[in-house]
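Chemist: Here are the chains, one letter per residue:
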Amino acid sequence: MSRNLIIGAGLTLFFTALAALSFLWTPYDIELLDIPNRLMTPGGAHLLGTDHFGRDILSMIMMGARTSIAVALVAVGIGMGLGVPLGLWAAARHGSLLDDLIMRGNDLVFAFPSLVIAILITAVFGPSAINAIIAIGIFNIPVFARLTRSAALPLWERDFIRAARVCGKSSARISAEHILPNITNLMIVQGTIQFSLGILAEAALSYIGLGAQPPTASWGRMLADAQTLVSLAPHVALIPGFAILLTVLGLNLLGDGLRDWLDPKIRVVRT
Amino acid sequence: MSLLSIKGLSVQIGGTPVLQGIDLEIAPGQITAITGESGSGKSMTALAVMGLLPQGAAARGQIMLDGTDILQTPEAALCGMRGNTMGMVFQEPMTALNPVQTIGAQVAETILMHEKVAKTEARARASAMLERVGLQVGPHRYPHELSGGQRQRVVIAMAIAMRPKLLIADEPTTALDVTTQARILELLQGLVDEFGMGMLLITHDLAVVADVADQIAVMQHGRIVETSATADLLRNMRHPYTKALFAASTHAVQLPEAQVDEPLLQVQNVVRDYPVKRVSLFGPRPVFRALDDVSFTVGRGERIGLVGESGCGKSTLTRAILGLEPVQGGSITLDGAPVLQGGKPDLALRRKMQVVFQDPYGSFNPRHRVDRLITEPFFLLDNPPKGAARDQAIVKALTDVGLPAEAAGKYIHEFSGGQRQRLAIARALIVEPDLIIFDEAVSALDVSVRAQVLDLIADLCRKRPLAYLFISHDLSVVRSITDRVMVMQAGKIVEQGETEAVFADPQHPYTQSLIAAAPKLPELAHAADAL
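Chains as they are written, first to last, in our numbering: chain A, 1 to 271; chain B, 1 to 531.
It cannot be assumed that every hint is accurate.
Keeping only pairs whose Cα atoms sit at most 20 Å apart, straight-line, the calculated SDA-like set for lysine to any residue is [stated by the list, open to error]:
#1 B/K7 / B/F90
#2 B/K243 / B/P519
#3 B/K410 / A/N182
#4 B/K410 / A/P181
#5 B/K410 / A/I121
Chain A stretches covered by chain B per the calculated footprint, using a threshold of three residues with CB under 8 Å from any CB of chain B [to be verified]:
#6 159 to 169
#7 197 to 204
Take a look, some chain A residues computed to stay more than 12 Å from chain B by CB distance [to be verified]:
#8 L18
#9 D29
#10 P36
#11 T41
#12 L58
#13 V74
#14 G105
#15 P127
#16 T228
#17 A237
Think of the hints as simulated: they come from the structure by calculation, not from any bench.
Where a beta carbon is used, it is the ideal one built from N, C-alpha and C, also for glycine.
Please model the complete structure; the sequences and the hints are all you need to start from.
Modeler: Below, the structure is given as structure tokens:
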């Protein structure tokens, strides 16, 4: 196991654990305003200090981790759930009109800057965590569809696929039984990377006020709220910023590490 | 005095010995062949001579090339020697050339790397060298415009551009067709004579060795078991492994008498066109005719061979027969029913036909266990056996091909190439088809393994009448395992008839050239009693 994999997995686990813990316990109630104790520096009764309403920052980071992870997870789920079958379908009908339709449809989605469309969707349907999830999820579909198709195409030329066709199996069945298990590695790696992009996108949408709405905590909105206070109390902006940075870094390292670890070429040497 | 002298060379990789006590001498103007089966250490010996041993390899002994000990020479000095005093020709001409450089530039680059000459002079010398290796095309071509044989000539030109004292050729003709192979071997022999080079030829093909080598070294498990002058060795083999190796490559199987009655597979006037790149924007798309008016019949219980060089349409024909691809004309029927109707394969028909592919590594899904792999054709049955009946069928299929019943729970990477090919045969036989297509099924196997697999096929024929179409580029294999043979050239079947009759008295000029080009082993008196 590489160092990247261990550091990445550690960071990811840490923030997931924070999010999980928030269901059971947070140091303070984040809906509790405590104006006299606002903008306290880290240490003392509030481990990471308080914001301009006197809310406990550690508690908000924990609740925010929950929002970020939930939004990104569901968005990746949407992308995989629709993108992978579309990619498998396109690969199975390679060269046909259907293949063209699926792939050109993907190109169409790819052609729009994703954040702009996400803003459009949330602007039309109203800002909420659900709409943020849908907006981010839609942009994950072509990523997975394209990757799946390009990974599946060379597999269709392999002899074991031909042998399965000689056995009269339909292309849907071959895709599920033979193609899918052989591209799972790739999907897991891409999944972690899309997950980190999802967290970034959620933070960006919340930052401009189109993500989860108050009182739900969100890292992006914590940043937005803190930006006028940077000179007064820098920790209020720095702490959510570091939370985003470390989570995304952790997921990227995890994705990189997994890719090296699962790469069949490296595995051959090992076995 | 010898050019290359290897004394007591031993190589260990990670504590595992891969070469043990290798002693070998090569004189200038001589061809020394190292032969043996895969994993015997042939290529490792060549890499050691080039100073290209993989990382983590520890070598002991002495490799003296023209007065320098390779093992004691630092890497920087070795770089100056590679391509200069020693040249190398690789097996795969398709990947040995840089696809974005002209062939002339690639040969000139080798010259410029080792000598301070003007670019124009290097280019001129490169052109001359390309001409010397018999390349008919100019130096401004790119590798993708050339055939495999032409590319191998370019690779050879690069290797000999600096007139090296030693030329190492690692399976230089394995990827080539027989007629091309004959011409490349002729070229290499001519170059050795003309330049007085020493040549180290590494090949698993004993017929090639017997044809061209002056001296033969037979390797097994990292040791040289026998070295001697070619004529000497062929007349008087001392080591049992040498005898077994030669016996295996001339191995003839005993086929039972064929019981042919009604026709099983009928191929009539089949045409298969592939669309190729457009030449103009709105004109009709040109087509490449891969199968041109192909007709033949395979009777029930008949063993028929199909030979031809790469690109002649053998694989296209296989896919058409299996109903994997549509044809543009003619009909293919099995037992009177078309193999592909309205783009949908007929499951009941598929049951009568199975296939064994060439590549023992690519024909199984690496993520499934053997029991699941070999029972895949059960999908074709309306009532596939379940539970105990399924287990019984698996055990029977495995024992039929000579594998233990425990193999069922293993993954495919735990098996050797020969075992995998047995598994492929088990998978093909499990639904008891009437026709099996062997698509180059033994081409990737070592000679001794190949002999075993061929024996297995003959054995299966004895157990129950089996019809098969045996596709191969190897004439000697086809000769021993089929009753009738067809010869294919450029999408057409140019000759067909009884196997023995065709081989003894070929009618078509193409068949004659194929048979003449195939390297033959001389008749061996002692070979027979080794097995």
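Chemist: Next, verify each hint and record whether it holds.
Modeler: Hint-by-hint comparison with the structure:
no. : hint            : verdict
1   : B/K7 / B/F90    : 25 Å, violated
2   : B/K243 / B/P519 : 19 Å, holds
3   : B/K410 / A/N182 : 18 Å, holds
4   : B/K410 / A/P181 : 17 Å, holds
5   : B/K410 / A/I121 : 52 Å, violated
6   : 159 to 169      : holds (count 10)
7   : 197 to 204      : violated (count 0)
8   : L18             : 36 Å, holds
9   : D29             : 50 Å, holds
10  : P36             : 62 Å, holds
11  : T41             : 54 Å, holds
12  : L58             : 45 Å, holds
13  : V74             : 28 Å, holds
14  : G105            : 25 Å, holds
15  : P127            : 44 Å, holds
16  : T228            : 55 Å, holds
17  : A237            : 48 Å, holds
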